[in-house]
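Colleague: Let's have the full structure, built from the sequences with the hints guiding it.
Chains as they are written, first to last, in this note's numbering: chain H, 152 to 549; chain Y, 100 to 282.
Please keep in mind that the hints were generated in silico from the structure rather than gathered at the bench.
Certain hints may be false.
To be verified - Per the computed footprint, the stretches of chain Y lying under chain H, defined by three or more beta-carbons under 8 angstroms from a beta-carbon of chain H, are:
{"#": "1", "segment": "142–149"}
{"#": "2", "segment": "200–212"}
{"#": "3", "segment": "224–235"}
{"#": "4", "segment": "239–246"}
Stated by the list, open to error - Partner residues aside, some chain H positions facing chain Y, computed with beta carbon under 8 angstroms:
{"#": "5", "residue": "S280"}
{"#": "6", "residue": "R288"}
{"#": "7", "residue": "A303"}
{"#": "8", "residue": "V405"}
For clarity, every value in this text was computed on a predicted model and none was experimentally measured.
Backbone N, C-alpha and C fix where the C-beta goes; we use that ideal spot for every residue, glycine too.
As a plain string of letters, each chain reads:
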Amino acid sequence: MPHNAAIVGGGLTEWGERDATWKDLAQEAGKATFDDVDGIEPADVEGLFVGAVQPERFAFQSHVAPMVAELLGIDVNGMLARTELACASGQAALRYAWLAIAAGQLDVALVLGVEKMNIDREHMPEIQSNMTNVLDREFDGVNGLNGPSYFAQYAQRHMEEHGTTQEQLAMVSAKNKSLAAETDFAHYREHVDVDDVLDSYPIAPPLRLLDCSGITDGAAGVLVVSEEKAAELGVETAAYITGSGQSCMASNSVNNIPSMTTWPQAREASQQAYEQAGIEDPLEEIDVAEVHDCFSISEIIEYEQLGFAEEGEGGQFIEDGRSELDGDVAVNPRGGLLGCGHPLGATGVCQALEVYRQFAGDVSSARQVPDDPETGLIHNLSGSASVHSVMTLARDPQ
Amino acid sequence: MTRPDHTGPKDADAPTDDLLRTDGGEHSDPPRGTITLPDEVELPRLLDFYDLQDPEHTRIHEFYDNLRAGSLTTTQCTDCDAIHFPPRVVCPECLSDDLTYTDLPHEGTLTSFTEVRGTAAIGMSDDPPFVVGVVDLGPVRLSARVDNATYDELETGDAVQLKVMDIDGPTEQDRVFYRFEPL
Numbered sequence: 152m153p154h155n156a157a158i159v160g161g162g163l164t165e166w167g168e169r170d171a172t173w174k175d176l177a178q179e180a181g182k183a184t185f186d187d188v189d190g191i192e193p194a195d196v197e198g199l200f201v202g203a204v205q206p207e208r209f210a211f212q213s214h215v216a217p218m219v220a221e222l223l224g225i226d227v228n229g230m231l232a233r234t235e236l237a238c239a240s241g242q243a244a245l246r247y248a249w250l251a252i253a254a255g256q257l258d259v260a261l262v263l264g265v266e267k268m269n270i271d272r273e274h275m276p277e278i279q280s281n282m283t284n285v286l287d288r289e290f291d292g293v294n295g296l297n298g299p300s301y302f303a304q305y306a307q308r309h310m311e312e313h314g315t316t317q318e319q320l321a322m323v324s325a326k327n328k329s330l331a332a333e334t335d336f337a338h339y340r341e342h343v344d345v346d347d348v349l350d351s352y353p354i355a356p357p358l359r360l361l362d363c364s365g366i367t368d369g370a371a372g373v374l375v376v377s378e379e380k381a382a383e384l385g386v387e388t389a390a391y392i393t394g395s396g397q398s399c400m401a402s403n404s405v406n407n408i409p410s411m412t413t414w415p416q417a418r419e420a421s422q423q424a425y426e427q428a429g430i431e432d433p434l435e436e437i438d439v440a441e442v443h444d445c446f447s448i449s450e451i452i453e454y455e456q457l458g459f460a461e462e463g464e465g466g467q468f469i470e471d472g473r474s475e476l477d478g479d480v481a482v483n484p485r486g487g488l489l490g491c492g493h494p495l496g497a498t499g500v501c502q503a504l505e506v507y508r509q510f511a512g513d514v515s516s517a518r519q520v521p522d523d524p525e526t527g528l529i530h531n532l533s534g535s536a537s538v539h540s541v542m543t544l545a546r547d548p549q
Numbered sequence: 100m101t102r103p104d105h106t107g108p109k110d111a112d113a114p115t116d117d118l119l120r121t122d123g124g125e126h127s128d129p130p131r132g133t134i135t136l137p138d139e140v141e142l143p144r145l146l147d148f149y150d151l152q153d154p155e156h157t158r159i160h161e162f163y164d165n166l167r168a169g170s171l172t173t174t175q176c177t178d179c180d181a182i183h184f185p186p187r188v189v190c191p192e193c194l195s196d197d198l199t200y201t202d203l204p205h206e207g208t209l210t211s212f213t214e215v216r217g218t219a220a221i222g223m224s225d226d227p228p229f230v231v232g233v234v235d236l237g238p239v240r241l242s243a244r245v246d247n248a249t250y251d252e253l254e255t256g257d258a259v260q261l262k263v264m265d266i267d268g269p270t271e272q273d274r275v276f277y278r279f280e281p282l
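Modeller: Right under this line is the structure:
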């Protein structure tokens, strides 16, 4: 790219069922982000990108980017936008910040992802309606499909076609939820073993309750700057964005997605990013991967499509421990969506922040990827898994 | 900096503007009123999951008209012959808007399914548990509720047949939708 862009720090709120509004969360994460980075004040920010999926439905509020600008006292005179790409909205915001910096339009951008999802429990049908609305409402959502019932069918097909087992699904959840126990902001901080997952309620069989990520309130922010600005700041650690790809294959509804077993869009998006980053063997070259484990089956399919495992061998990949902290590629060291929860707009931003913190050695030693990780990846799927977004990161500029 | 300056006075000697109290006394109780809200809002038609199906609201009303008459149909492009689902007004293969309705099979194969056992969306929260799956009809694949069966009674590959559902809901329109059931 003409100009390199780097994440130079960030911060977040506590994640969980928060006694706080959308605006409260945005302020907490914004303050935490500026507090983390010496030398950048709100007055320095030229671009503001806010990842938010459904503030209209959960908080009855639109036009949220200027709301964030006001709350944090940012006089934006460059670019200002809210991004909505369902569960990938945070990464979409990050991607636009990267593009604006790469194009030489900005030197300093704030990327903030915010989602308030827990309204009172009596309104759970409303919460479920909101999740259903990311599908084609008229022809798919209408049938009662939502997250668990949609992804359960990928699990069923993957198990039938590739022999993936219920235990292998449970191993993903046990790994991620146990890592989240070491993550100070995570929604779920209890160690979970395979039997705990297998004993949990089959809420949308074959998926069990602990195969599913939670409904979480939270926000996260990162500051993205040009390489020149990073040098001026004299930052010790940066996470340079080295590649970014997306693919949707003209699909959204069930008839048109390319497969109900796997995600060729993830393969395509990752290949785009790898090519930009000069990565030829992702398993060998990527040290830490934050992938979209909205459900346990998702991470298994992602091992295959991101090039870590052969097609159909994702289940064996987790069983062999190859995605553990000390495995061939450390997958979801913060505990993923399964452990941290999934405040939709915040997830992609938090994944990027985790990669930055892993580079900086700024996480609990119990979840630190060993041997000074220098390359990372974030991946999000969105909606009916029709869209996949992949970004590669590295300690050093290209 | 063009933002208004909201900085307040820093010390007792600083000048105050007219909005700040200067008499040092207590406020008297302000007048009080009550805002009355309805106890409940009835399920508005816009919050249920079924679109209005008549010619005044959708250009794919023929899909619903056909279903109401007992036929499952979808659009086919008269220029490139592509068959679409969901039905369209523009062909995504060639951008032609010359489309006709073609019959779909009423029997198909259940290729995947699960059972919704948790909370379901607005308008269907009394329905769980219910089966939802993907039905392969040959020309198209669609998601659908599967009635008259539980998760444990079904296997992938099972044959299923169309069931037309009349919608009894918060509009005067005679709306319909499709489900499937084991053959």
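Colleague: Next step is simple, just say for each hint if it's right about the structure.
Modeller: Consistency of the hints with the structure:
For the segment 142–149 of chain Y, the stated coverage by chain H holds: 3 residues have a C-beta nearer than 8 angstroms to a C-beta of that chain, and at least 3 were required. Residue count for the segment 200–212 of chain Y with a Cβ under 8 angstroms from a Cβ of chain H: 3. That meets the three needed, and the coverage hint holds. Under the rule that three or more residues need a Cβ within less than 8 angstroms of chain H, the assignment of the segment 224–235 of chain Y holds, with 6 such residues. With 6 residues bearing a CB less than 8 angstroms from a CB of chain H, the segment 239–246 of chain Y meets the requirement of three and the coverage assertion stands.
With its C-beta approaching chain Y no nearer than about 4 angstroms, H/S280 sits inside the 8 angstroms limit, and its interface hint holds. Satisfaction of the interface hint for H/R288 is found here, the shortest Cβ-Cβ separation to chain Y being roughly 6 angstroms, below the 8 angstroms cut-off. With 8 angstroms as the threshold, the beta carbon of H/A303 comes within range of chain Y, its nearest partner Cβ sitting at about 4 angstroms, so the hint holds. With 8 angstroms as the threshold, the beta carbon of H/V405 comes within range of chain Y, its nearest partner Cβ sitting at about 4 angstroms, so the hint holds.
Comparing the model with each earlier hint shows no violations; every hint is respected.
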